[in-house]
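Asks: Taken in sequence, the protein lines are chains A and B. Using this note's numbering, read the first sequence as starting at 1 and increasing by one per residue. Using this note's numbering, read the second sequence as starting at 1 and increasing by one per residue.
Treat the hints as calculated values from the structure; they're not laboratory data. Please note: incorrect hints may appear among the correct ones.
Since the list can't tell identical chains apart, any single copy or any two copies may satisfy a pair.
[What the hints assert, rightly or not] Straight-line Cα separation of at most 30 Å, DSS-like style, residue types lysine-lysine; simulated pairs: (1) Lys253 x Lys238; (2) Lys238 x Lys2; (3) Lys263 x Lys177; (4) Lys27 x Lys283.
Owing to the predicted nature of the structure, the values given are computational and were not obtained by experimental measurement.
Number of protein chains: 2
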Amino acid sequence: MKIITHKLALIGFGNVGQGLATIIADKSAQLEAFGMKVQIAAVSDPIKGSIYNPNGLDAELLLKTVQSGITLDTLTAPYTGWSAKRTIEEADVDTVVELAYTDLKTGEPALTHMETALRRGLNVITTNKGPIALHYDRLMKLAKENNAHLRVEGTVMSGTPPLLFGLEHLVAAGITKIEGILNGTTNYIITRMMEGKSYSEALRETQELGYAEADPAGDVEGYDAAAKVVILANLLMKQSLKMEDVDREGITKLTPEDIANAKEDNECVKLIGRIESSSEGCKAEVRPLRIPLSHPLSSIQGATNAITYTTDILGEVTLIGTGAGRMETGYAIIADLIAIHKEHARSASGQVEKEVRL
Amino acid sequence: MKIITHKLALIGFGNVGQGLATIIADKSAQLEAFGMKVQIAAVSDPIKGSIYNPNGLDAELLLKTVQSGITLDTLTAPYTGWSAKRTIEEADVDTVVELAYTDLKTGEPALTHMETALRRGLNVITTNKGPIALHYDRLMKLAKENNAHLRVEGTVMSGTPPLLFGLEHLVAAGITKIEGILNGTTNYIITRMMEGKSYSEALRETQELGYAEADPAGDVEGYDAAAKVVILANLLMKQSLKMEDVDREGITKLTPEDIANAKEDNECVKLIGRIESSSEGCKAEVRPLRIPLSHPLSSIQGATNAITYTTDILGEVTLIGTGAGRMETGYAIIADLIAIHKEHARSASGQVEKEVRL
């Protein structure tokens, strides 16, 4: 088997970037089994520093350096100190892994990073929900125009691959509904409330554990889950939803009485993101709903995520997995790289057929 | 996009073959979206009759005919009445879909059918557990020697694709353990026992519903689940297990007291198939086990199946779906065809690289 090398530029080297670097350092044999070698050639991070070597960097050395609190600029390399912009514009790589901070309002700065990379014909892999929930159509169009790949597996359920799974294995079965527990923080809070805690006690606990931000609105008001609903609808159900199309209600008004009432009826409460398509159109929502204890989604505890796809042919198929984590989200990028790797081989075959016909 | 036509010979035209024909008749648009057209060219069934047209048969007409109780031999076609053997040896098709009856002792007659097809260089897709649990290595070797594909998705969880999912999305994460509810009939029986029925009452009910065979040993003694354990271990965990390597105990000795004791501890009983690999080797078993109600496998009701993969990088990932059904198992064959279709494009690209190098 021919081994193809994939050269990456990492824009951002926080938890996810370091998780990815750890997998690249530790799992090269598993990746070679897929016919691929993965090499980090550039890293640009506003705090951890920036470094670029066209011949590739040592992933383990990058990790040791930042984990010792030293910036990457201090390492010996042909180029250091490049901004994200310069790295994306000038580094000789195949794929930009966009891991910069973004918000759900503008998608910046990740959006501009991705557009710049795609215009250069570079593949883009991201775990950033913002630009994908806001501008997926526009980014995909740009990717196609420039013969590049855009892959976004890590935007939903971290390393558990609900997008690739849906696209590759369920689309042909006819997906009519998707519903899931898409936000780990709120599911943790509700799980603790089911155990008897009040909303504010449970929220404080997630903040102490580092699950919830100091300003928890993105999670508890359902914005994060709504962004994932938009991504699932647009990628797997051919919709063109925007954030404002999602009928959204968070968990802040959930009371111990709501929980107790559900329990009495052998049900539980979950913050459910849901998209349902019918002849009348597509309905998208995020809200706390009661689920019978016999349904797989009722068993989802703590920070775990889960998605139930309803299909014409297979009925319900449920995928359950971790919703966050350093290595887990890093793995989402590996899953995307494997998908690009396979696609690369396929498009090469497309070229052949053309040549044969000439 | 170029559309590639896949020509099939169906060996067996019972529930699964008819489910497949229904999908081919109804979902051609969805299949074209993958760049493929699926055509049934030959059917050979000892009861439903046999028919072959090198230019393809009308799937809807095949279905109407057998559903009216008429044999396929009565239709107008270039060839009728061919045996399975002659169909596999002589029909001009790309892929043999092997759906004949088999047992778990010899794997025959499906085993011989598959070997004959692979020797001719035809792809083989099957939903038959027998030959795959007994002789997967030998069949795969034959497939490779003859540059053909062997695909077996429907042998586990019908149309829900735990094999493709594991191979394509989880192997790189390092699968260390697989455990699941792999037999719908026994899970139905246990679900009813959890609701207060005795074992014999619950068994009778599954027989009346058509879930369990008149001789239920294959299900209730755990042979069916053990075959699936062997298939999962050999395909996803690089083992070479045989049926006798599985430490097997069925559900026939399960008492209402066992169920009640589990309930008291907030647990439930499930017939679990499990493979765990460690530095000391691989341990495979099928037996009734107690599962805490907080685990996703505890929520699996009735005839549903589920598999939890434990991986190095992602922790636990669980896939839940239907374990049986006419259309569902038919869809497994479509999933395999899509996989062959993609692989076909990939191997075409491999040939190119060779040509370029010459």
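Asks: Now tell me if each hint is right for this structure.
Replies: We went through each hint and held it up to the structure:
no.	hint	result
1	Lys253 x Lys238	neither (33 Å within a copy, 50 Å between copies)
2	Lys238 x Lys2	between (35 Å within a copy, 22 Å between copies)
3	Lys263 x Lys177	within (26 Å within a copy, 33 Å between copies)
4	Lys27 x Lys283	between (42 Å within a copy, 24 Å between copies)
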